[in-house]
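Colleague: As a plain string of letters, each chain reads:
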Amino acid sequence: MYLQLAWRNIWRNPRRTIVIMTAVVIGVWAMIFLGALMRGVSAQMVKNGIATLTGHIQIHQRGFRNDPVIENSMHEPEMVEALLAEYLPSDARWSPRVRVDAIANNARHSGGLTLVGIDPEREAGVSFIGQAVVKGEYLDAGDEYGIIVGQALVDKFETKLGRKLVFMSQDTERDIASRAFRIRGVFRAEMEATEKQYAFITKGAAQKMLKLGAGISEISILLADYEDAESVADNLKEVIPPDSYEVETWRELLPLVTAVLKMYDWFIYIWYLVIFIAMGFGIVNTILMAVFERIREFGLFRALGMKPLWIVKEVLTESFFLLTLGMIIGSGLGLLSIHALADTGIDLSALSEGLEFVGMSRVIYPVIIIRDIVVANLVVLVLGIAVSAYPAIKAARFTPVEAMART
Amino acid sequence: MNIVECRDVRKIYRQGKVEVYALRGVDLSIEEGGFLALAGPSGSGKTTLLNIIGGLDYADAGSISVNGNQIDRMNQTELANLRLHNIGFVFQAYNLIPVLSALENVEFVMLLQGVSPTERRSRATAILDDVGLDGLYHRRPAELSGGQQQRVAVARAIVSNPSIVLADEPTANLDSKSGEGLLEMMREMNEKKGVTFIFSTHDKMVMDFARRLVQIRDGLVAEDQVKE
Amino acid sequence: MSIEIKMVWRNIWRNPRRSILTILAIVFATMLLVFMLSWQFGSYDTMINTAVKVHTGHVQVQAEGYRDRMDIWLVVPDPDAVSRILGDIPEIEAYTVRANAFTLVSSEDRTYGVLLIGIDPEKEAKVSTLQKLIRRGEYLGENDSNTALVGELLAENLKADIGDELVILGQGRDGSVAASVLTVKGIFSSGEDTFDRRSIHMPLEYFQEVFSMRGAVHEVVVLGRSLDDVETIKEKLERGIRIVDDHKAMAVLDWMDLMPGLVQSIKMDLVSALIMYAILIIVVAFSILNTFLMAIFERTREFGVLLAMGTTPGRLMRFLIFESVTITLIGIIMGIIFGSLVTWYFQVHGIVISGASEFLSQYGLPERMYPKLSILSISVGAGIVLVITLLTALYPALKVRRLKPVEAMTAA
Chain L
1 MYLQLAWRNI
11 WRNPRRTIVI
21 MTAVVIGVWA
31 MIFLGALMRG
41 VSAQMVKNGI
51 ATLTGHIQIH
61 QRGFRNDPVI
71 ENSMHEPEMV
81 EALLAEYLPS
91 DARWSPRVRV
101 DAIANNARHS
111 GGLTLVGIDP
121 EREAGVSFIG
131 QAVVKGEYLD
141 AGDEYGIIVG
151 QALVDKFETK
161 LGRKLVFMSQ
171 DTERDIASRA
181 FRIRGVFRAE
191 MEATEKQYAF
201 ITKGAAQKML
211 KLGAGISEIS
221 ILLADYEDAE
231 SVADNLKEVI
241 PPDSYEVETW
251 RELLPLVTAV
261 LKMYDWFIYI
271 WYLVIFIAMG
281 FGIVNTILMA
291 VFERIREFGL
301 FRALGMKPLW
311 IVKEVLTESF
321 FLLTLGMIIG
331 SGLGLLSIHA
341 LADTGIDLSA
351 LSEGLEFVGM
361 SRVIYPVIII
371 RDIVVANLVV
381 LVLGIAVSAY
391 PAIKAARFTP
401 VEAMART
Chain X
1 MNIVECRDVR
11 KIYRQGKVEV
21 YALRGVDLSI
31 EEGGFLALAG
41 PSGSGKTTLL
51 NIIGGLDYAD
61 AGSISVNGNQ
71 IDRMNQTELA
81 NLRLHNIGFV
91 FQAYNLIPVL
101 SALENVEFVM
111 LLQGVSPTER
121 RSRATAILDD
131 VGLDGLYHRR
141 PAELSGGQQQ
151 RVAVARAIVS
161 NPSIVLADEP
171 TANLDSKSGE
181 GLLEMMREMN
191 EKKGVTFIFS
201 THDKMVMDFA
211 RRLVQIRDGL
221 VAEDQVKE
Chain R
1 MSIEIKMVWR
11 NIWRNPRRSI
21 LTILAIVFAT
31 MLLVFMLSWQ
41 FGSYDTMINT
51 AVKVHTGHVQ
61 VQAEGYRDRM
71 DIWLVVPDPD
81 AVSRILGDIP
91 EIEAYTVRAN
101 AFTLVSSEDR
111 TYGVLLIGID
121 PEKEAKVSTL
131 QKLIRRGEYL
141 GENDSNTALV
151 GELLAENLKA
161 DIGDELVILG
171 QGRDGSVAAS
181 VLTVKGIFSS
191 GEDTFDRRSI
201 HMPLEYFQEV
211 FSMRGAVHEV
221 VVLGRSLDDV
231 ETIKEKLERG
241 IRIVDDHKAM
251 AVLDWMDLMP
261 GLVQSIKMDL
271 VSALIMYAIL
281 IIVVAFSILN
291 TFLMAIFERT
301 REFGVLLAMG
311 TTPGRLMRFL
321 IFESVTITLI
331 GIIMGIIFGS
341 LVTWYFQVHG
351 IVISGASEFL
361 SQYGLPERMY
371 PKLSILSISV
381 GAGIVLVITL
391 LTALYPALKV
401 RRLKPVEAMT
411 AA
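Residue numbers (the working numbering), protein chains in the order written: chain L, 1 to 407; chain X, 1 to 228; chain R, 1 to 412.
Looking at chain L on its own, in the form it has when it is part of the complex (with noise of 0.2 Å):
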């Protein structure tokens, strides 16, 4: 019965509802939206991390992440491969490489950078090199003088397409090795500081330059979904030996992306509750009007011989309506400028050098979390209640003469 009255009663002074509805609304779509594109911008640069090169899980020779040198190579990657092969899921790819800093050189310039030998075809399923060629062709297994560089560095080159560059890095002999390579294709990636940092050529000819034999730096695995790398790593852990090998998941190879994502975790809830407190004071105020317009009724209600539980009930689902209502239509048009954002995302261009500096993309595209909906929902309808108990109780202490008193 009460249930019809609050709702009636909501509707007694259709402006108001709707005023503080619209503080709702937009409190809750400003929750939704601007969350998911924070989460859209964190997925992408999980996203951007995992696809240039790290992969979901990688594995290396122990003492090579501290010290990423030739040296510390996996000399016998065959073992480790059998093992991938007979451990991982059926989904998951693979990749090897051999991954060294090398100088590069041409008659004008030189720099430095990260010299990739990788097994083409494997690579090509693992990491974003794959699909990033734009110009001339993707390395053969075969190739030992073909390089694929990065557009910006072809630029700072002042190079072309089937140009060489010279390389120069350290062998395992601790000599310095020294190799030509002609650029048979050009890749362009998210970011350009990608772009300048990596160059590509095959598995073959990198141990041939490094006199690396059979050896190789890293496997670096790609899974179906990233929230299983957690527990393969754990099943890989069990079956590699330890005392030579290092299994490890994205978030501790990107440390610095995890403490990004763990920020923007806190971030979002803030925002939330930063949100909330500013329409608290609307909905308590709102609710108060309400009540006192009533005083009168509630007077007549308790002389009735109606319990004081039952107007703080009663004015507690009006507040329910009101926040239900709002959080409808709120989350409703949350998902529905979310999804239309989904295909064009919003486009940062102009801003890429910022992009760059704080690795972002330059398109972010909104992520819906099933969490965080629930959690912004939760925040407003929750405390949305315990603020209106003020005025409830309020309500419930009018005593019968008082009330009937008041004009």
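Do not rely on the hints blindly, as some may be mistaken.
[What the hints assert, rightly or not] One side of the interface only, derived from the structure: several residues of chain R facing chain X at Cβ under 7 Å: (1) Ala308; (2) Gly310; (3) Thr311; (4) Thr312; (5) Val387.
If you're looking for bench data, these hints aren't it; they were derived computationally from the structure. Remember, predicted model here, so these are calculated numbers, not experimental data. Even for Gly, the Cβ is constructed at its ideal location relative to N, Cα and C.
Once you have looked at the hints, place chains X and R on chain L.
Modeller: Then chains X and R, alone, in the frame of chain L:
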């Protein structure tokens, strides 16, 4: 000279699709210095006529002149000015600004007129003394009785030296003793200051006090009786 | 006090609970904005100052195109000529010169590609914080030649310590092979990974010898007395340079040109924050709109009397706006006061964002951060709240303009 001239004044209210004729062609002249009551049952149109004379409401047809001004041709701001300088109002209830004291309520009109603060103060205290409220200057409306509140309202209505005071059921919320006191006071002001008083009422006592009694029925002047 | 002010004031306190809640909402929003903007401006300042002090200085003179390509042969051939111009600019605090080269550096058992920077030890100390960043060993001395300062992470990677020898191998200005042996004299740490992992500093004179620089440098780095002087310095410097450098081979760049990423990320942070604040304040606005509306609608009869008395609708509207503005201003002023007090407390004591230190140090931010109260942070925050709440207050007040006396008096 007549201070109010109404010629064939008509007013129609529309309630949904139904048209209600409030005034159906009223002709009325009111002489300066009069003390006149418009009487009639509720719905007769007397309050409407009073509002139209006071420039609070527009007539649909006819001409109304107040103090020589053709008010049916004035806009809102001109009417506001006319009311400010030429007309005082006393209503049935909710007359006073609740957050201002008796003195401040009276001063407020002169504030709108742009009277200097010192003159405002002396004129306000003088008029409050005249209506019998000396010593109650600083009470807020809530701290005054109904009769006292209406006295403040009258004081406020006449302090600006208007030519007409329009009083809509001023005694309706008062007991008969306070009502009589109020009316005596108003008659005194009428005689002393020569201000024209026009009442709309169905209170017998008001009709008895009035020197001219105009009966309104169904939006028309039914009877016009000058007592002496 | 005039009757009007009294009337407005008393009307505000007619329903104290309601007014207080409304004022509190405004106080909350203002406090939050004052604090957050002070916080942001404070961290921008720190970021800029750290970056300027560690890397770029305020203004640099470089060869045209050097910023993008960093080629060794793009030089400032006669740094002394630039120094003479700098000597005449009073806004300059200090300046130094640097030369850079990408080289391979090898320790006994490790080789890495690094940025080798030749510095003038004495002048450098006045411009950058390098000297203060030395964690072990010593800073370069006046007469040092083949000594080096190595980043902490690089030293770790190289497995090199104080006194160890490093072989450098690179390309000189003339394209010849440049090679030398340097002794590690000091190890520095800025907290910024790329800098600590990828750079080595050595005395400029010896650098010039090894890399056949023939007296040339790559950067003339200028530090102004304050950030506000940058524009003046840049302008004066440009004018001076044009006289000696008539074929535009040299460029004068300020820290914004040199670190566009930093500038844009600050802009991005500020813009996204302002959007969030605007949304927040709009929520606040709807939150308090009901109060303004109610304060007016429940007094309709009173307005009827005021109109009957001859108050013009415009004047009535002004009364109501005056009333709303007063509430808003009380809220904003209190918000500014409390917001400033809170900010000031943290400005003195600092705030530690636990667990974020590693992340923050990448942007040159210390673990303990200090918001910085300024006229700007206060006025921007308060300004946003003021504009939006005033618009909110205006809406109901405008409705009053249409009020007719008779309707008003018969309103419920």
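Colleague: Compare the structure with the hints numbered earlier in the document and write down the numbers of the violated ones, lowest to highest.
Modeller: 5
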